[in-house]
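Peer 1: Residues per chain are reported as follows:
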Amino acid sequence: MLSRLPVIPASMSSYIEKWADNRMPKPNYTTSIIRQRLYILPTKHGVTFFIILVLLLTGAINYENSLAFMLTFLFSSICFLGMIYSHQNINNLNFRSLATKPVFVGQSALFPVRIKTNKKQSHFSICLETEKSPVVRCNLLQQQDEINIIIPIEASKRGYFNLEKIKISTEFPLGLFHAWSWINLKSKCLVYPAPEKHPFQLSQHSNKSGIYSQQQPGYDDFSGIREYQKEDPPNHLAWKAIAKTGVLQTKQFHSNIDDEIYLNWFDLADTMPTERRLSIICYWVIEAEKQGIKYGLKLPALNIDPDSGLHHYQNCLKELALFGK
Amino acid sequence: MIFQTGQLKTLSLSPSFWVVLSLFLVITPHFQRFPLWISLTIISLFLWHLVTVKHKKYLPNKFLLTIITISISAATIFYYGTILGKTAGTAFLSILLAVKLLESRSKRDYMLLTGISFFIITTNFLFSQTILTVIYMFITVIILVMSMISIDLDDLTITLKQKIKISATLVFQALPMMLILFVLFPRIPGPLWELPDDSKSARSGLSNTMSPGNISQLIQSNDVAFRVKFKDKLPPQNKLYWRAMVLWNFDGRNWEQGKQNFNATPTIEGSKQVVEYTITLEPHDKKYLFALDMPINSPENSEYNADFLLRSKNKIESLYQYSLSSVLNYRIQKKLSAWEINTGLKIPETGNPETIAMAKEWKIKFNSPQLVVNHALKYFNKNKFSYTLRPPLTPGYNSIDQFLFKTKKGFCEHYASSFAFLMRAAGIPSRIVIGYQGGELNPVNQYLTVKQSDAHAWTEVWLKNKGWVRIDPTASIAPERVEKNLNSALSQNDYRPFYMYLDNGPFKKLILYWDAIDNSWKQWVVGYNSKLQHEFLSSIFNTDMNLSDIAIAMVIMMFFSGMIITFYLLKSTPKISVDPLQKIYNQFCSKLSKNGLTRNVYEGPVDFSLRAARFFPEQKNSIELITKIYINLKFKSKHNNKLVEKMKQMVRTLKF
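In order, the protein sequence lines correspond to chains A and B.
If you read the first sequence in numbering that gives the first Met the number 0, its first letter stands for residue 0, the second for the next number, and so on.
If you read the second sequence in numbering that gives the first Met the number 0, its first letter stands for residue 0, the second for the next number, and so on.
Any given hint could be a false lead.
[To be verified] So these bits of chain A aren't anywhere near chain B, every CB distance computed over 10 Å:
{"id": "1", "residue": "S12"}
{"id": "2", "residue": "K131"}
{"id": "3", "residue": "N263"}
{"id": "4", "residue": "I303"}
[Unchecked claim] Think about it this way: if two alpha-carbon atoms lie no more than 27 Å apart in a straight line, the pair counts; the simulated BS3-like pairs of lysine-lysine are:
{"id": "5", "chain 1": "B", "residue 1": "K160", "chain 2": "A", "residue 2": "K115"}
{"id": "6", "chain 1": "A", "residue 1": "K119", "chain 2": "B", "residue 2": "K582"}
{"id": "7", "chain 1": "B", "residue 1": "K633", "chain 2": "A", "residue 2": "K119"}
{"id": "8", "chain 1": "B", "residue 1": "K359", "chain 2": "A", "residue 2": "K115"}
{"id": "9", "chain 1": "A", "residue 1": "K187", "chain 2": "A", "residue 2": "K317"}
{"id": "10", "chain 1": "A", "residue 1": "K196", "chain 2": "A", "residue 2": "K43"}
{"id": "11", "chain 1": "A", "residue 1": "K324", "chain 2": "A", "residue 2": "K196"}
{"id": "12", "chain 1": "A", "residue 1": "K164", "chain 2": "A", "residue 2": "K43"}
{"id": "13", "chain 1": "A", "residue 1": "K119", "chain 2": "B", "residue 2": "K160"}
{"id": "14", "chain 1": "B", "residue 1": "K593", "chain 2": "A", "residue 2": "K25"}
{"id": "15", "chain 1": "B", "residue 1": "K582", "chain 2": "A", "residue 2": "K115"}
{"id": "16", "chain 1": "A", "residue 1": "K119", "chain 2": "B", "residue 2": "K164"}
{"id": "17", "chain 1": "B", "residue 1": "K381", "chain 2": "A", "residue 2": "K115"}
{"id": "18", "chain 1": "B", "residue 1": "K619", "chain 2": "B", "residue 2": "K641"}
{"id": "19", "chain 1": "B", "residue 1": "K85", "chain 2": "B", "residue 2": "K55"}
{"id": "20", "chain 1": "A", "residue 1": "K115", "chain 2": "B", "residue 2": "K633"}
{"id": "21", "chain 1": "A", "residue 1": "K131", "chain 2": "B", "residue 2": "K106"}
{"id": "22", "chain 1": "A", "residue 1": "K185", "chain 2": "B", "residue 2": "K593"}
{"id": "23", "chain 1": "B", "residue 1": "K228", "chain 2": "B", "residue 2": "K238"}
{"id": "24", "chain 1": "A", "residue 1": "K43", "chain 2": "B", "residue 2": "K61"}
{"id": "25", "chain 1": "A", "residue 1": "K187", "chain 2": "A", "residue 2": "K115"}
{"id": "26", "chain 1": "B", "residue 1": "K465", "chain 2": "B", "residue 2": "K359"}
{"id": "27", "chain 1": "B", "residue 1": "K465", "chain 2": "B", "residue 2": "K377"}
{"id": "28", "chain 1": "A", "residue 1": "K43", "chain 2": "B", "residue 2": "K106"}
{"id": "29", "chain 1": "A", "residue 1": "K100", "chain 2": "A", "residue 2": "K25"}
{"id": "30", "chain 1": "B", "residue 1": "K381", "chain 2": "B", "residue 2": "K407"}
{"id": "31", "chain 1": "A", "residue 1": "K43", "chain 2": "B", "residue 2": "K99"}
[To be verified] Some chain A residues judged to face chain B by a derived CB distance under 10 Å, without partners named:
{"id": "32", "residue": "I39"}
{"id": "33", "residue": "P41"}
{"id": "34", "residue": "T42"}
{"id": "35", "residue": "I50"}
{"id": "36", "residue": "I60"}
{"id": "37", "residue": "S65"}
{"id": "38", "residue": "T71"}
{"id": "39", "residue": "F72"}
{"id": "40", "residue": "F79"}
If you are wondering where the hints come from, they were derived from the structure by calculation, not from laboratory data.
None of these values were measured; they are calculated from a predicted model.
We treat Cβ as the ideally placed atom computed from N, Cα and C, and that holds for glycine.
Using the sequences provided together with the hints, build the complete structure.
Peer 2: So, in structure tokens, the structure goes:
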């Protein structure tokens, strides 16, 4: 998707990009655009307008028309200033990469980037794009000081996904000049395997027989509404029902406290490819967490004891994502 | 189906709105020159485009678009008969612009339209170069820049105020560079190629024939015809006869120039008192130049003929300045050629019998041409003739009889025409001269302004030993016309054009100032050509500046002004003033760093303080407190000097 450079043939622009790459500093969590690495070229419209200006000038000379001269010179000056404006529109912008949230393969990895200006100036129509991401545009107004932008890039492989080189560009205000700079921001996104639906294997390692045993009141899975009792946690209040009846009511949950299972790599057929096994186990982890079962993980050379909760869940998925890496 | 099907992809409404508005502003000044159907077609195409963008449908398909384009272009060519020439060309360009807008749906289309609209703004300057035109141009350019901004922003929104601010700032910052280029860009004289003839242009000015009513029509216009700067004193008002054309041929109703009089050689005997003056002529698309009776030389690029008329080699299509000398007391053409005698006595064989009879009677009675002339003037003076802008009609080929014996109301052309006719009938060679009489001296700048309303017609009769003598019959009916101006010559209740009411009103002074400003504008801006540039720059740099010197001066000035502007814009950003709170916190961080704990870039203050507290358990309390104050001041509460001071103290006393 990386838009080619304006008015420069594709073969040349790759050379320019390589040359610019050598001038870039190593990736860091923060970086900024500096004059030395800010490039500017006329756009196609810029070339068109140049031709128009030449024609206007010819007309002015031919008709010896002072006001035609005036208009020609006014507009050439505006174009010249427009070039400086475009340059200044992204010059000295500061970028900082923010924490990412893990995603599954096939989803878009979202890289939040904070753009900050250290000047008392508004910046308009800043475009951010990477080779694989669509163009994201934003304004950074004077009173805002900073703004968070999310660059979505589709995650195709599990593991850590590093943010690519970002092209920051602008054609503001006149659309006649294309000013751009490349930045390297350090940022990585954890990519879990894509879950693949597959029935649970009743594991030999499970203490209890089966997944669904008798239900105990708990906090994990919603099972109904009853009248409020003193010891009920307030965040379980069923506000919709209260609004209807006027009586305090709480949502009731049940929990399968006693269920403990192991999601076991070795339960799956040996012939199954690694990635597929990881995908299936990933699905199990999600399901188990959803149903409030305590689950453990058994992978080659790794054993996680049964537990539940967000931290455990994320830990398990992370192990799957980084398996073998 | 005539419309394109499916959901249209267009830009958002905001750029479309601004583009349509700016194109409308660009074309508006031309509407007065277009026939109504062209104006209406353009406006309806504009509205159609807005509907297309708003509803994302009704975009005409190729078939309909082709039909629209061909039919409108054909109608325009049919109407004007050409697409060359100023008006026709402009109309054609405007229509193409409107059609192009109709099919526009991308950034590219809109940008192209913006570019073309600069041509249309320029074409307006071929018709009008006033100050107001230029002010309007600046407004239009600001709106055009706004539409370019909107095209670039597309769906990103910014406030209208911001849009105006950016655009106006750009335009105003461009002014100094524009000025430098305007003054220093080397101006080359003359057109690079022949300009197409423009048959349909309609500027007010003298026509080269005279028939009853056509000068009184010109009087309706308050436009400036030319301005004069006298080198010395202003000659008396009643001597200010500006000649433009001599009419020889009369068909009973119209006077025409006939064959140009090149048969005789111009001879002049004049007093030694020469009046020198410079005329700034407004473009009138014809070749004649005006001169005070009688010019003794001719300016560059012009001819001088036996009737003491000046003809420019080219049509006067832009402001034209020339210097002349004239003598006010003169004798010309003491001898007449055969052609002049023949033509100067010719009257139509039929018509106006009463007038002819009266003239013959006078000829016998007085026996001397001079006495006949005197008697004729007395006749006009004594017989209740009156001077009016709205004389009764005298149709047909007996118009002079009707005027002299029935209506007795007329304007200068009636008096001049009947007087010349009387003289010819009485055997005295005579001819009509048309031009302007008088003018108004502007006390602000001492320029004499001659307007279309000063248009006038008078006669010249040839007397033995005296040559051609100027006789103005109007002066014997309404002497105020010649002594003062037309307004004072008209009777109180007579019809007069609206502008004459302003003449004595409270705005008179304002009008004079405006006229002076307008004059300077014309002299210095509109009239800034290669000649003026050469004179102006030579006087400034005190050497003779040729074109290459001027070019060098321009390059140098552009280089420096470009540098100055670039530096101004690059450095206009205020120095980053670190706020005191941040400064103290930075000190705190660097102090910890010196002692072995560096804050990571991605680490927030809280995370860092937790880590620092683990790293320096002894200073745990101070670290936590400093962080708390910092966070509180930075993100929550308002600025508090005491707290800042306290934090500063704590950072300073922090010891490891």
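Peer 1: Does each hint hold? Answer for all of them.
Peer 2: Outcome of the hint check:
| no. | hint | in the structure |
| --- | --- | --- |
| 1 | S12 | 20 Å, holds |
| 2 | K131 | 23 Å, holds |
| 3 | N263 | 37 Å, holds |
| 4 | I303 | 26 Å, holds |
| 5 | B:K160 <-> A:K115 | 23 Å, holds |
| 6 | A:K119 <-> B:K582 | 19 Å, holds |
| 7 | B:K633 <-> A:K119 | 19 Å, holds |
| 8 | B:K359 <-> A:K115 | 101 Å, violated |
| 9 | A:K187 <-> A:K317 | 13 Å, holds |
| 10 | A:K196 <-> A:K43 | 51 Å, violated |
| 11 | A:K324 <-> A:K196 | 24 Å, holds |
| 12 | A:K164 <-> A:K43 | 25 Å, holds |
| 13 | A:K119 <-> B:K160 | 17 Å, holds |
| 14 | B:K593 <-> A:K25 | 25 Å, holds |
| 15 | B:K582 <-> A:K115 | 18 Å, holds |
| 16 | A:K119 <-> B:K164 | 15 Å, holds |
| 17 | B:K381 <-> A:K115 | 93 Å, violated |
| 18 | B:K619 <-> B:K641 | 22 Å, holds |
| 19 | B:K85 <-> B:K55 | 37 Å, violated |
| 20 | A:K115 <-> B:K633 | 16 Å, holds |
| 21 | A:K131 <-> B:K106 | 24 Å, holds |
| 22 | A:K185 <-> B:K593 | 26 Å, holds |
| 23 | B:K228 <-> B:K238 | 16 Å, holds |
| 24 | A:K43 <-> B:K61 | 26 Å, holds |
| 25 | A:K187 <-> A:K115 | 20 Å, holds |
| 26 | B:K465 <-> B:K359 | 23 Å, holds |
| 27 | B:K465 <-> B:K377 | 21 Å, holds |
| 28 | A:K43 <-> B:K106 | 11 Å, holds |
| 29 | A:K100 <-> A:K25 | 24 Å, holds |
| 30 | B:K381 <-> B:K407 | 11 Å, holds |
| 31 | A:K43 <-> B:K99 | 19 Å, holds |
| 32 | I39 | 12 Å, violated |
| 33 | P41 | 12 Å, violated |
| 34 | T42 | 9 Å, holds |
| 35 | I50 | 8 Å, holds |
| 36 | I60 | 6 Å, holds |
| 37 | S65 | 5 Å, holds |
| 38 | T71 | 8 Å, holds |
| 39 | F72 | 4 Å, holds |
| 40 | F79 | 7 Å, holds |
The structure fails to meet hints 8, 10, 17, 19, 32 and 33 from the earlier list, while all remaining hints are met.
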